[in-house]
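**Q** Spelled out, the chains give:
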Amino acid sequence: MSKVSKSPWLLHYDASSCNGCDIEVLDCLTPKYDIERFGIINTGDPFQADILLITGGVNSQTESVVKQIYSQMPEPKVVVAVGICACTGGVFKECYNIKGGIDTVIPVDVYVPGCAARPESIIDGVVKALQILDEKQTALRQNGGDS
Amino acid sequence: MEAKNEIRKISLNDFYPAVLAMKAENWRPVQICAVSVPGGYEMSYSFSKNYDMVTLRLEVDEEQEIASITHIYPCAYIQENEAEELFGVKISHIEPDYHDKLYRIDETTPFKVKE
Amino acid sequence: MAKRSIVPFGPQHPVLPEPVHLDLVLEDETVVGAIPSIGYVHRGLEKLVEKRDFKQYVYIAERICGICSCGHGLGYCMAVENVMGIEVPDRAKYLRTIWIEMSRVHSHLLWLGLLADAMGFESLFMESWRLREKILDMFDETTGGRIIHSVNQVGGVQKDMDSTMLNDVLRAVEDLQKELKPVIDTFLQDYTVQSRLKGTGILKRDDAIAMGAVGPMLRASGEPYDVRMLGYAAYGDLSVEPVISTGCDSYARCEVRLKELLQSFDLIREAIGKIPEGPVSVPVKGNPSGEYFVRIEQPRGEAIYYIKGNGTKYLDRFRLRTPTTSNIPPMVEMLKGCQLADVPILILTIDPCVSCTER
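Line by line, the protein sequences give chains A, B and C.
Under our numbering, read the first sequence as residues 1 to 147, first letter to last.
Under our numbering, read the second sequence as residues 1 to 115, first letter to last.
Under our numbering, read the third sequence as residues 1 to 359, first letter to last.
No wet-lab data here; the hints were simulated from the structure.
Glycine is no exception: its CB is placed at the ideal position from the N, C-alpha and C atoms.
There's no promise every hint is true.
Calculated lysine-lysine pairs in the BS3-like style (CA-CA distance at most 27 Å, straight line) [to be verified]:
#	chain 1	residue 1	chain 2	residue 2
1	C	159	C	198
2	B	23	B	90
3	C	204	B	49
4	B	90	C	47
5	B	112	C	55
6	C	55	C	159
7	B	101	C	47
8	B	23	A	93
Partial list, derived from the structure: chain B residues whose beta carbon lies under 10 Å from chain C [unchecked claim]:
#	residue
9	65
10	68
11	107
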């Protein structure tokens with residue numbers, strides 16, 4: 001069976017970011033950076049997504065949404081935290097309505113730092129995530145998974 | 001271009017008639033800002049006409065109630081709800097009243113001066 | 001009477017890059033009411049002013065929003081400078097003007113792309129964003145950042161542009177204006193675009209004023225109000241005229257933004273032509289004490305910055321009223337009476353910026 005990483009689908013969610021990283025993620029899809037050349041398609045549906053890109057720190061309102069989206073994604077799946085806010089909370093860490101990085105809520109596989117993260121590093125992070133996706137798929141098969 | 005940008009102090013009794021007068025003269029509502037001061041709040045209601053901006057400054061005690069201006073300027077509801085939720089300013093008859101559920105934050109009135 | 005139903009819109013929706021939620025009250029397919037609810041990206045940045053000193057806070061102010069970053073830094077610095085009575089050097093004023101006009105170009109192109117995407121006009125979206133990259137490259141060259149530039153500081157700007165950079169910006173603007181022509185023609189003349197935009201989302205001039213609309217929303221309803229006329233930064237020396245349209249509909253709002261793009265190109269050219277030599281910042285001594293309201297024209301409209309200092313290095317209060325906060329009530333008014341299918345486009349025509357609004 002072929003590998004998922006040949007054509008992974010990507011889901012983007014804004015936990016509570018300042019928009020900077022969000023527009024850079026969108027930028028990756030447009031002609032200059034064109035992430036589709038790696039076979040990656042941006043989807044809005046968690047049930048069909050393999051990679052979850054999250055920007056921004058988590059607050060109590062988005063916490064449940066992040067958990068729900070993560071649980072709806074099929075195995076194997078990887079999570080990429082884009083931007084320093086998603087990694088640790090960043091400049092907003094001391095705000096009363098920020099819990100911290102994404103890893104306080106769900107497990108994160110790849111951290112992409114930067115404020116705002118540059119498209120080159122986002123693509124780099126996604127490509128790293130593809131290797132992890134392959135490893136997870138192999139492990140899943142060895143354990144008798146069906147994918 | 002020179003334009004007016006002034007802060008006018010006003011008492012609670014004169015406040016509602018003053019906002020009504022602003023509406024009658026077609027002033028545009030600009031912003032509502034609450035500031036916590038010991039024992040109470042400073043409320044600033046800004047209005048603008050052409051390029052002039054006038055801010056009505058209201059000083060209230062913590063427990064004093066302010067009448068909502070949403071019945072004169074319906075669009076004020078977002079900023080009045082915000083002042084109520086984040087500062088704990090008592091504003092009566094906001095239409096629609098979100099009852100401290102605009103931002104749905106965990107902490108109550110984070111901007112209020114706490115002893 | 002038709003049966004009423006409530007349809008939730010958002011927080012995740014394909015046309016919205018950011019989470020915002022609306023409860024739409026429908027009678028059959030017609031919207032009769034809408035209740036906005038926000039708070040998904042509320043962080044509480046205004047509170048942080050008590051933990052960071054007033055010079056450090058510039059970096060937080062710039063991160064209120066990644067699209068309007070340059071303007072937020074400028075507005076905050078202007079408020080502090082006004083309280084402290086600092087006169088900024090002329091060259092810094094011109095540099096600020098050039099950067100904020102560049103960010104207006106980037107923001108309007110971003111919006112045009114999103115509008116095209118909302119209509120399903122994929123190639124127009126890609127083209128708008130491809131052109132936007134040219135201005136981002138210029139930001140990269142002149143400031144070192146694509147989205148968050150960190151150029152403003154209390155008392156001036158942090159970086160200077162040398163003549164090579166200024167020439168590069170001029171060349172980029174020339175290129176962009178040439179390549180933008182077919183895009184502008186498509187937005188204004190294409191049959192599909194017109195059929196989606198014309199006659200939808202009517203906001204009359206009197207309503208716009210009474211509901212507190214700002215920016216392109218207000219100007220598309222025929223009210224010539226543009227805060228740049230006040231002459232802050234270097235606008236006093238440049239020829240600024242508010243761009244207006246009397247159409248009052250979505251098409252008029254699109255038209256105003258397209259014309260503002262061309263106006264920004266002219267302003268950048270004029271500012272680069274007139275920029276004086278000299279220092280780009282003055283040293284800042286002491287701490288702010290007092291209060292001040294500053295108005296500046298962001299890409300989305302008038303933004304209000306208020307600071308209150310108490311003589312220490314920590315401010316008592318920083319308040320920002322963003323254009324989107326003001327534009328949500330008129331948007332709700334505009335939605336009444338429209339068809340369900342038009343809702344995404346109408347929401348987009350106010351150019352919502354949620355992370356600014358919730359701070």
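**Q** All the hints need checking, so say for each whether the structure fits it.
**A** Results of checking the hints against the structure:
Among the hinted pairs, residue 159(C) with residue 198(C) is inconsistent with the structure: their alpha-carbon atoms are about 44 Å apart, more than 27 Å. For the hint linking residue 23(B) to residue 90(B), the alpha-carbon distance of about 23 Å falls within 27 Å, and the restraint holds. Of the pairs offered as hints, the one joining residue 204(C) and residue 49(B) holds, with about 17 Å between alpha carbons and a cut-off of 27 Å not exceeded. Restraint check for residue 90(B) and residue 47(C): the C-alpha separation of about 20 Å stays at or below 27 Å, so the hint holds.
A C-alpha spacing of about 24 Å is found between residue 112(B) and residue 55(C), which places the hinted pair at or below 27 Å, so the restraint holds. Between the alpha carbons of residue 55(C) and residue 159(C) the distance comes to roughly 16 Å, so the proposed pair stays at or under 27 Å and holds. Distance hint between residue 101(B) and residue 47(C) is fulfilled; the C-alpha atoms sit about 19 Å from each other, no more than 27 Å. The suggested pairing of residue 23(B) with residue 93(A) is violated, with an alpha-carbon distance near 42 Å, which exceeds 27 Å.
Interface hint status for residue 65(B): violated, as the beta-carbon distance to the closest one in chain C is roughly 22 Å, over 10 Å. Nearest Cβ of chain C to the Cβ of residue 68(B): about 14 Å, over the 10 Å cut. The hint is violated. The beta carbon of residue 107(B) is positioned within 10 Å of a beta carbon in chain C (closest approach about 8 Å), and the interface hint is therefore held.
Taken one by one, the earlier hints fail for this structure at numbers 1, 8, 9 and 10, listed in ascending order.
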